[in-house]
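Asker: Just so you know, the sequences run in chain order X, A, R, S and Z. Everything in the first sequence is counted per the numbering used here, starting at 1 for the first residue and increasing by one. Everything in the second sequence is counted per the numbering used here, starting at 1 for the first residue and increasing by one. Everything in the third sequence is counted per the numbering used here, starting at 1 for the first residue and increasing by one. Everything in the fourth sequence is counted per the numbering used here, starting at 1 for the first residue and increasing by one. Everything in the fifth sequence is counted per the numbering used here, starting at 1 for the first residue and increasing by one.
It is worth saying that the hints were derived from the structure and are not from the lab. Even for Gly, the Cβ is constructed at its ideal location relative to N, Cα and C. Mixed in with the good hints, there may be bad ones.
Which stretches of chain S does chain X cover? Using the computed rule of at least three CB atoms under 8 Å from a CB of chain X, they are [unchecked claim]:
#	segment
1	217-228
2	306-315
3	342-354
Here's the letter readout for the chains.
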Amino acid sequence: MARFLKKKEASLGLPPGAAVFIGEQKVSETRIKSMRYSPTELEESEVDLTAPASTTPPEEGVEWTDITGLHDPERVKSICTRFNLHPLTIEDILHTGQRPKMEEFDHYLYFVLKMLHYDQENKVIRSEQLSIILGDSFVLTFQEQPGDTFAPVRERIRKKRGRIRNSGSDYLAYALLDTVVDNYIASIERLGEEIEDLENEIITDPEREVLEKINLYKREINYLRKTSRPAREFILQLSRLDNDLVRDSSRPFVKDLLDLSTQSVEIIETYRDVLSDYLDIYNTGVNNRLNDIMRVLTIFSAIFIPLTFIAGIYGTNFEYLPELHYRYSYFIFWGVLLVIAAIMLRFFRKRNWL
Amino acid sequence: MARFLKKKEASLGLPPGAAVFIGEQKVSETRIKSMRYSPTELEESEVDLTAPASTTPPEEGVEWTDITGLHDPERVKSICTRFNLHPLTIEDILHTGQRPKMEEFDHYLYFVLKMLHYDQENKVIRSEQLSIILGDSFVLTFQEQPGDTFAPVRERIRKKRGRIRNSGSDYLAYALLDTVVDNYIASIERLGEEIEDLENEIITDPEREVLEKINLYKREINYLRKTSRPAREFILQLSRLDNDLVRDSSRPFVKDLLDLSTQSVEIIETYRDVLSDYLDIYNTGVNNRLNDIMRVLTIFSAIFIPLTFIAGIYGTNFEYLPELHYRYSYFIFWGVLLVIAAIMLRFFRKRNWL
Amino acid sequence: MARFLKKKEASLGLPPGAAVFIGEQKVSETRIKSMRYSPTELEESEVDLTAPASTTPPEEGVEWTDITGLHDPERVKSICTRFNLHPLTIEDILHTGQRPKMEEFDHYLYFVLKMLHYDQENKVIRSEQLSIILGDSFVLTFQEQPGDTFAPVRERIRKKRGRIRNSGSDYLAYALLDTVVDNYIASIERLGEEIEDLENEIITDPEREVLEKINLYKREINYLRKTSRPAREFILQLSRLDNDLVRDSSRPFVKDLLDLSTQSVEIIETYRDVLSDYLDIYNTGVNNRLNDIMRVLTIFSAIFIPLTFIAGIYGTNFEYLPELHYRYSYFIFWGVLLVIAAIMLRFFRKRNWL
Amino acid sequence: MARFLKKKEASLGLPPGAAVFIGEQKVSETRIKSMRYSPTELEESEVDLTAPASTTPPEEGVEWTDITGLHDPERVKSICTRFNLHPLTIEDILHTGQRPKMEEFDHYLYFVLKMLHYDQENKVIRSEQLSIILGDSFVLTFQEQPGDTFAPVRERIRKKRGRIRNSGSDYLAYALLDTVVDNYIASIERLGEEIEDLENEIITDPEREVLEKINLYKREINYLRKTSRPAREFILQLSRLDNDLVRDSSRPFVKDLLDLSTQSVEIIETYRDVLSDYLDIYNTGVNNRLNDIMRVLTIFSAIFIPLTFIAGIYGTNFEYLPELHYRYSYFIFWGVLLVIAAIMLRFFRKRNWL
Amino acid sequence: MARFLKKKEASLGLPPGAAVFIGEQKVSETRIKSMRYSPTELEESEVDLTAPASTTPPEEGVEWTDITGLHDPERVKSICTRFNLHPLTIEDILHTGQRPKMEEFDHYLYFVLKMLHYDQENKVIRSEQLSIILGDSFVLTFQEQPGDTFAPVRERIRKKRGRIRNSGSDYLAYALLDTVVDNYIASIERLGEEIEDLENEIITDPEREVLEKINLYKREINYLRKTSRPAREFILQLSRLDNDLVRDSSRPFVKDLLDLSTQSVEIIETYRDVLSDYLDIYNTGVNNRLNDIMRVLTIFSAIFIPLTFIAGIYGTNFEYLPELHYRYSYFIFWGVLLVIAAIMLRFFRKRNWL
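Next up, chain X with everything else stripped away, as it sits in the complex (with noise of 0.2 Å):
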């Protein structure tokens, strides 16, 4: 299946705003996941699938609503309802092969992109979209498939580390955001590892599996460039963003985000060229051993063709051969081979190919 696009056909004619499941089916229950805090109270629950979802954003705190697994788009679409989404985002979050981006609207701002996680098993980057609604109070998240990625930040609130349970839904939207974009560094940085020790592999020796481990790792960086290059579009967007939903003093920490997919964004560059060096370097390695290969063969025919010819001579049977019956023939046919050999032998040190 073409890996860099995801089946759009089934979408082809459906009107805009259509609430759609386009994707693969990765779990098999919808699951919601609740957080309501405020700098004194916390409470956390897990939503029953069945019950009709009466709740509404409280007036003050955060309520951070996650939930997992898109395939059933009713559900997902009542969710989103309740928070008075646009179709147009309830489209996006449903289709999930969507370009990384953000979008302003009246009262939430829509960030859709994509968490990678780099299986070292297999050597393949497995991605998973993700869509954050931050609203003045709430944040909903959307993920295709459970997963531990945002564990750390449920940490943090509860055990109120850093200043998380005394600031905004902005801080927390950055909060995840910031563990989405870390993932990205992990898993690039664990790519890398492998990218680099390639290294001595291809000058000592160029074999073939080499060469397929280079063609995977560059489509994966290639992949992950795909992926993280409009992920740093957006939050320099975001970080430009004149909107009250990101408070002033959340910037600070936009900015921090900035520079770190900044950087993301530039080492896969760097791999993606050490990759083509790689490359290159094969080649030129395949090429020196074609030469040693041929330099091998052609000191053995350009030595021993003459000798053999020279041999081919006296094995004649002509009558009249004066030399076949000097008594020492045999001897000086033997001295002349030698003198030929080494003959050729220094002509290949001169050339430097012994």
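Fit chains A, R, S and Z to the given chain X structure using the hints.
Answerer: What follows is chains A, R, S and Z alone, placed relative to chain X:
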């Protein structure tokens, strides 16, 4: 014929705005389909081509006139004149080699772009020029040949799906553009799948037809790129346009369209890079194969050439050649041959050639 | 001679604005054709070169003076002086190695660009410098040699085709620029067809002349690129120019011209990429061919070298060589040879070399 | 270990602003050197690490505190707290994998960049993170390990050389940055000399170690590039900064610094190109060499293989082989061999292979 | 020595603005030539180096002081001090490794750039730093060594050619810059002719010295590029400069200069591309040649190796080898050999190898 450029010579020396058809005639007949709709009413008609086109744009609601077949300049010109289009617009509609662009005129916007269709059989992208005229209460579309690209939009109008019946002409134009860009993505997707399928073949079996395929896809990707980049450009322009013809309520949809077209452009770039990488890897594969071949040749030559030489020595007819007469000469001779062969084999094993 | 640069040395040390002709004399005589027209009147004359140029620009209507042949600086200077041109403009008209550009002066705009003509015989782009002076009621054009490039424009003036007779000098200048850019596109088209024709040859039969052609086209494309990019640049500048000399009614035409020149630049880039791809594929083809050659060599060598060795063994003259004396030795010998050959063939078939 | 990225995983899940040291501990002890100076006074002290840091920034003059060794977060934090630094700044100081950047805070500017040192022995660029805090009357510098990079600045303060004693904290910060960028240039210079020295080796003797060197230098140049480009970026930002902390009298110096850093970036790009050219030329050299080898092989084979064949003919034991019995057969045989050899040699000479 | 970078280490640790000469001493003596002119008057003098420089800038007219030889910092400093130059300017004049740039100071503009001279003998671009100080009524120029670059300007002043005597100091500075850029173009032109001359050699006869030449020209083009791009940059800056020192009447000349320098940069880029193409084509040529060589080898081997084998068969000494005893065996043997050779030749002809 030059694929990247439509015949222009025919128009050399013509005054600008001359209503002359330049292109390939693709249908035998010009057909006109017309739809008039408002939130409550819908009227569809297939205009009689022999009768004079006397109807005027509606006072309320939206009129969409879809013209298929451009080879009859007089007919096209008379339609255009009814809607009071600028001569340059008429020229652009008729010359089917236009670069995708948007142009702002007093009472309408003019979009020209390519509709793409990936012909999987022949592995070639087919394209057709589409002109869209967006007026206050009307939309005109000019296609080169009939097709069902816009059928879903018609269906949405008929079935009142989504917001199309309740929105103005700008939303209709958006819906049409959206359909076209969706088709881009679908074409890229189909091509992309084939490209990604190549990957295995390249590494395991770098045959000549793989090279031909790479070349083929490169050409199609170049073509896609040439077509979709200016499309993205004018959608960007459109998203920034300050013109009453584009209502505020349509803005989020235009932004969505921009995202989609940006994504299409990025994926095309990604596939371009992927194909370049493929060619590099193919080349390296070819070199590796040459190495294999040469290694076999060298091993055979380097082992047997010296042996043949030694056999040649004892095939000489020297009268006095002492070794020939010893009893065990022949067996010693074999022994020497085997020792030499063993030494050579070890030498190659040490060099990792076996 | 350096093609990408006209001889500049001749002007080293000259004060700027010096009226010295720098270039190759291409015609023997300077010729002047003059047209004065208004919506109702038209007057054509071929000015006598010996008489003093005493006429002044017309009070109404447009005067177009077309000068062919620049080798006589005094003559050119006297014409320029009549129209009160800046010394730098005169210098630029006479130095035929100018970079295409537009310059704004108090009472006129100065355009300098290249007229291109693809000489299909010699597969080379010929170019000639064209200077256009756009004044309020006059247009001056300076060409290096006579040609029929502007004949269609003259014809339109004479036949009152299009809007040319009813428009001002700016429309005439636009019409001339349009003709030049149309010629670019036509040149690119002719070259492009030849380039695309190469494609088949490259894959099926990568002969040396294909390489020479690729090289040739690369050079011409480079030349086209160098010429057409600055042309596009100044048309862009022109489209944004805020100057009374360009009337509002001409704006859409200038935008159209900009589209055309953008398209020409893009197609040139596309062909550049295509040629690079061709070279890559040609190289790969050459490598593939080398592989084929080596495979044949290796198969022959690897089969016959061992066989020859075995024959050599039994050609030795050892006194005691038991196999020679058995009755069926010769047939067993043949059997062994055939078995070895069969083994080798299987080995090569397994490696997919046959 | 991934060189282009410092271990980030350790910080995954930490709240932003957490004061945790991330990096490699390079010294055993944190050392603090302090200098207070005004045009007339100078006071130097090595602060006792066990005593509480009770001193406050001076009311007049400049205080420069230089901290070496970052592995003790508590210590660093207490210093930072004294100067009232933002938690994010403290985090950035302690995490030694920062991208070079400038950050503006209420009462200070924060610069983080890399100090580079080219270790000529191991042909590797060593780097160390440097944080500079520029306050109104104080400058803080945080280094990972001790070194004499800043010794000349200290000396200038002590000896009252240049304008440093008469200028404010901004000039000191400039002087420190200038020293760092000077060190960049010096590192590039040393590396550059080695790179340019490679040139001769590449053409005359393309041995394998040349390839390894090219690869090595490529990696170091990539590293330099990754480090110096963001440095240039923030110096550009600094040169445009509108902030009272940078006095007008310092502006020309910042511009000078910008020139220097731009130059460093450009030279790195130049060397990158040079190394790519080297690799191309090395490859071509390897190919040329292969050609030489093959030419020798081909000449030997093509001359002796036919000769050996002819000798083989007359080595056959056919009973009736007339030539064997003529008296001059052997001499005619030699004559034929020599004629064939001569023909082959002429053929090769005509092909320019000899 | 590193060519792309002048020794910087000598200045490590020096305070900025330190008047120390960094570079290679190129002349033995500092020489000063002075010209004072107004429309009516002209005074030339060669200032005595032992006398104190007591003259002050003139009240009307222009004074141009041309200093040759920079190795005596005290002398240079005293001149600079007389004109009240900023210490950083003095430093830049003395450090001969400056990046071309323009700097604006209170009462003067400072330009530093390279004068280039193509040494056709050694095929190397020689460069020399030129500093130009443009004050209200004076111009200072600092060159590293004497030369006749500015002789034409002096001549124009003396002979009152062009507008130089009637214009201010800004026109003089323009005239000097124009001379320098003209020299760039001339250098590029000379180099360019040699580069274009290479083209034939590459295709017809890809010898090793062609590779060396390509490499050589690449290096020089890189050097030209590094020098002329920042020059263009600051001329662009100059053309946009809003400063009384540049009078309005000089603006068109500066624009002209900008065109010239843009052209020089573009041509350099074109030649860079041309050289890259050359290398590609050279490589392809080398590969083609290898193919030719291998084809010859393969044809010879594939024809004669089987024949030799057959001859070997009948050279064996088997006692019972029936063919040896038939009367026409030898002739049948020859017949078989010829048939095999004919088959092989046909095989190769069919493969297009002959």
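Asker: Any hints this thing doesn't respect? Which numbers, in order?
Answerer: 3
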